[in-house]
Amino acid sequence: MTVWLERHLPKMVLAPSFIAILIFVYGFIAWTAWVSLTRSRLLPRYDIEGLIQYERLFAAPRWDTAMNNLFIFGTLFILISMALGLLLAILLDQKIRTEGAIRTIYLYPMALSMIVTGTAWKWMLNPGLGVEAMVRRWGFEDFTFDWLVNPDMAIYTVVIAGVWQSSGFVMALFLAGLRSVDEEIIKAAQVDGIPTFRIYTAIIIPSMAPIFLSAFIVLSHLAIKSFDLVIALTGGGPGNATDLPATYMYAMAFSRGDIGQAASSAMVMMAVVFAIVVPYLYSELRAKND
Amino acid sequence: MIKKSVLAVTTALSLTATNAVFATPEVEVLHWWTSGGEAKSVGVLKDEFASRGGEWTDMPVAGGGGDAAMTALRARVLSGNAPTAVQLKGPAIQEWYEEGVLSDISAVAEKENWDDLLPESIASHMKCEGTWCAAPVNVHRVDWIWANAAVLAEHDIEMPTTWAEFNLAAEKLQAAGVTPLAHGGQAWQDATVFETVVLGLGGPEFFQQALVDLDEAALTSDTMVQVFDQMRIMRGFVDDNFPGRDWNLATAMVINGEAGFQIMGDWAKGEFLAAGKTPGTDFLCASTPGDGFLYNVDSFAMFDVRGSDKEEGQMLLAELIMGQNFQKVFNLNKGSIPARTDVALDDFDSCALTSSNEMAASAEGGSLLPSYAHGMALRGAQSGAITDVVTAHFNSDMSSQDAVQMLATAVKNSM
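The listed protein sequences correspond, in order, to chains A and B.
This note's numbering applies: residue 6 is where the first sequence begins, and numbers increase by one.
This note's numbering applies: residue 481 is where the second sequence begins, and numbers increase by one.
Each hint should be verified, as a subset may be incorrect.
Covered stretches of chain B, as calculated for chain A (at least 3 residues, CB under 8 Å) [claimed, not checked]:
#1 732-741
#2 812-821
Heads up, incomplete: computed chain A residues facing chain B, CB under 10 Å, no partners named [said to hold, decoys possible]:
#3 PRO49
#4 LEU96
#5 LYS100
#6 ARG102
#7 GLY105
#8 MET115
#9 PRO132
#10 GLY144
#11 ASP147
#12 ASP151
#13 VAL154
#14 THR239
#15 PRO243
#16 ALA246
#17 MET257
#18 ALA258
Within a straight-line C-alpha distance of at most 20 Å, the following computed EDC-like cross-link-like pairs (lysine to aspartate or glutamate) qualify [claimed, not checked]:
#19 A:LYS127 - B:ASP720
#20 B:LYS892 - A:GLU54
#21 B:LYS892 - A:ASP69
#22 B:LYS808 - B:ASP584
#23 B:LYS607 - B:ASP726
#24 B:LYS790 - B:ASP584
#25 B:LYS892 - A:GLU188
#26 B:LYS790 - B:GLU535
#27 B:LYS790 - B:ASP527
#28 B:LYS591 - B:GLU791
#29 B:LYS607 - B:GLU638
#30 B:LYS591 - B:ASP719
#31 B:LYS892 - B:ASP695
#32 B:LYS652 - B:GLU638
#33 B:LYS607 - B:ASP719
#34 A:LYS127 - B:ASP719
#35 A:LYS127 - B:ASP527
#36 A:LYS100 - A:GLU188
These aren't lab readings, by the way, just hints derived from the structure by calculation.
Idealized CB from N, CA, C, for every residue including glycine.
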C-alpha cells in the first residue's frame, strides 16, 4: 500500500491542477479557435463558416493601427526597459552604501497596478495639468509637450509609462545575474589590469545571456497582453490612435457584440505570442537534452 | 440518495408554490442605473412594485456604460437563468430576440393601449416581429446644443439656427479668446456631434438613408463629404486639451463660461441644474441646426421566465414602467421626457417642454429618428464601424474624401 502510494502520490497531487489547466487553458483556446471560425455575434454559435472573421479582421483599419502600435510599443518598451534596467543594475552593482534602499525605490513601481501607473501618468502628461502646464508657469511660455493628446505621438506616452513601471523589475533580474557571475574571473581580470568597462562588455554581460532571454520573454508577453495601461492612460485615444490588439478584442467582445471578431483577434494575438515563446522553449528544451 | 432528497424537496416546494391561490409576483431586474439620481428613479419603481404586493430582486451592474451588465446578462442567458427584465435599448432588443430568449408581453401592452400612447417609431423598437417584448422608460433627445447665456450676450451672439451661423458665432468667440465648442474626445462624443451634423446638413431623409438604412450611395455622397468638411471645421473650435475628457467636464466648461457651446444629449441639463443654473436665463438649450429629432430611448426588455410568480411579476412590472406616475417621476429625476405622450408636463422645465413639443411635431412630420451614436439606429458592429471612421477622421488630418471611402468600406466589412 505504502509503496503504491509512494509511487502514485505525486501524480494524484498533480492531477487536479493538470485537469484544470487542460480544461481552462487549452480547452478554452480550442473553444476560441472554434468560435473564430463562426459568425457568432451576441452569443456564440457553432456552425463553422470558414475564415470570414479573419478576412474581416485583416480588412479593418483599426486592427492595422492596433498591430502597428503593438510593434512600436513592444519594440521600444522591451529595448528601453532592458537598456535602462541593465544600466541601473550595473550602477547599483558598484558596492554602494545604501544599495538596499535604492533597490527598493526602483522596484516599487512594480508593486503598483498598471491602472494606477496609467492614471498617474495621464495627469502628469496632460498638457493642461502636468509637465507642460508646470514648465509654462515657470515662464517658458512656448514650451509644448502634448504627446498625450497628439494622435501621432500618443503611443510613445504608453511606452514612457510602461518603461517606468517595468525597468525596476528588469534591474532586479539583471542585478541577480550580475551577482551570479563568478567573482574569481572578475578578480583575475582586475589583476590583469583590464579596465572595468571591458570587464563588463567582454566578461560579465556575455555570461548573462540566459538572463537577457528571460527578461525578453517576460517583457514581450507583458507588451502583447498590455490592456489596462492603455485603458487608464489614453482610453485607446485620441481617436483610436493608441489601440492595441487587446483593447480591440475587448471592444469587439464586450461593447459591440461581435464575438466572432473578438475570437479571431485573440487567435492572432496568441499566434504572435507563440512566435516568440516557441523558439525560446525549443532552445531551452534542446539545451537540456544535449 | 442526496439527489433524491433534493428532488423531493424541490417538488414539495413547487407544489406549495402552485397550490397557493395568489402567487407573489416576482421580478429580478438587471440595470446599470447606479448613480445618485438614477438610483433614486429606480427606487420609485421598486416601491410601486412592492406596494402592489410584488417581490423585487435588484441586480445592478455598474461600469463601462452597460458593458459590464451585458457581460453579466450573457452569462445568465447562457446558463439558462435569465433575469426577468433587463435594461436594453434599440436594435439590441431585436438582437436578443433573434437568440430566442425574449418573452411576449402583448397581453399587458394591448390592455393598456400602448399603441395609442407611444409615437409609432418608438413603439417599433419595443416590438419583436409584431409582439411586444420591451417597455420604454424615457425619451432622451440627443440633438441639443447648450450655451452659456452670459457668454453669448457678452459677444452679441444669437443661438445659431444653421451650421453656417454656428461657424460664424464660433469664429467670433474664438477671436475673443473663448473656446467655442466644449467637447470631450471620446469616440461616442465624436459620434454624437457627427450625427447632429448629418441631420443638420443632410436633413431627416438623408439621415435615414445614411445612418439607419446604411445606403452606400448616401454614405459616399457629396453631402457626406460636406458633413466631414464641417467636422474638420468643428475640430478647429475645440480646445487643445480635449482628448479623453468626460462629457460632464465639457459641460462644466460651458457652465463656468470657459466655453460657449456644447453639443450633447439632454442628460447635460442635469449638470446645469445641479450647478444651480436656470434654463433660459443662465444657460440656453436649443435643437442643433436643422430639422428633426434624434431620440435615445431607454427601455426594459422582458426575458423568457418560467413559473407563474415570475410571469405575473413581469406583467406587473411592464404595467408599472409605462404607468403615468413612474414615467413622470423618473423623467423629472433624469432630465429626459416621458415616452408616453399623455403625461402632464406641468412640473417639467422649459427645455423638457421644447423637447416634448418637438417630439410630437416631428413624429407627425416623419422626422423622429433614432440616434446612431447611442445605439438606437444600428447594431453594435455597424455603429461601431462608423464610429471608428468618425473618430479617426476627427483626430487626424484625413481628407473628407478618404473618410467617406473608409466609411463605405468599414460598413461593408462590419456586416
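Against the structure, the hints:
{"no.": "1", "hint": "732-741", "result": "violated (count 0)"}
{"no.": "2", "hint": "812-821", "result": "violated (count 0)"}
{"no.": "3", "hint": "PRO49", "result": "holds, 8 Å"}
{"no.": "4", "hint": "LEU96", "result": "violated, 36 Å"}
{"no.": "5", "hint": "LYS100", "result": "violated, 46 Å"}
{"no.": "6", "hint": "ARG102", "result": "violated, 44 Å"}
{"no.": "7", "hint": "GLY105", "result": "violated, 39 Å"}
{"no.": "8", "hint": "MET115", "result": "violated, 26 Å"}
{"no.": "9", "hint": "PRO132", "result": "holds, 5 Å"}
{"no.": "10", "hint": "GLY144", "result": "violated, 20 Å"}
{"no.": "11", "hint": "ASP147", "result": "violated, 14 Å"}
{"no.": "12", "hint": "ASP151", "result": "holds, 7 Å"}
{"no.": "13", "hint": "VAL154", "result": "holds, 4 Å"}
{"no.": "14", "hint": "THR239", "result": "holds, 7 Å"}
{"no.": "15", "hint": "PRO243", "result": "holds, 4 Å"}
{"no.": "16", "hint": "ALA246", "result": "holds, 6 Å"}
{"no.": "17", "hint": "MET257", "result": "holds, 8 Å"}
{"no.": "18", "hint": "ALA258", "result": "holds, 9 Å"}
{"no.": "19", "hint": "A:LYS127 - B:ASP720", "result": "holds, 15 Å"}
{"no.": "20", "hint": "B:LYS892 - A:GLU54", "result": "holds, 18 Å"}
{"no.": "21", "hint": "B:LYS892 - A:ASP69", "result": "holds, 17 Å"}
{"no.": "22", "hint": "B:LYS808 - B:ASP584", "result": "violated, 25 Å"}
{"no.": "23", "hint": "B:LYS607 - B:ASP726", "result": "violated, 34 Å"}
{"no.": "24", "hint": "B:LYS790 - B:ASP584", "result": "holds, 13 Å"}
{"no.": "25", "hint": "B:LYS892 - A:GLU188", "result": "violated, 66 Å"}
{"no.": "26", "hint": "B:LYS790 - B:GLU535", "result": "holds, 10 Å"}
{"no.": "27", "hint": "B:LYS790 - B:ASP527", "result": "holds, 18 Å"}
{"no.": "28", "hint": "B:LYS591 - B:GLU791", "result": "holds, 16 Å"}
{"no.": "29", "hint": "B:LYS607 - B:GLU638", "result": "violated, 42 Å"}
{"no.": "30", "hint": "B:LYS591 - B:ASP719", "result": "violated, 53 Å"}
{"no.": "31", "hint": "B:LYS892 - B:ASP695", "result": "holds, 10 Å"}
{"no.": "32", "hint": "B:LYS652 - B:GLU638", "result": "holds, 12 Å"}
{"no.": "33", "hint": "B:LYS607 - B:ASP719", "result": "violated, 43 Å"}
{"no.": "34", "hint": "A:LYS127 - B:ASP719", "result": "holds, 18 Å"}
{"no.": "35", "hint": "A:LYS127 - B:ASP527", "result": "violated, 43 Å"}
{"no.": "36", "hint": "A:LYS100 - A:GLU188", "result": "holds, 13 Å"}
Of the numbered hints listed earlier, those contradicted by the structure are 1, 2, 4, 5, 6, 7, 8, 10, 11, 22, 23, 25, 29, 30, 33 and 35.
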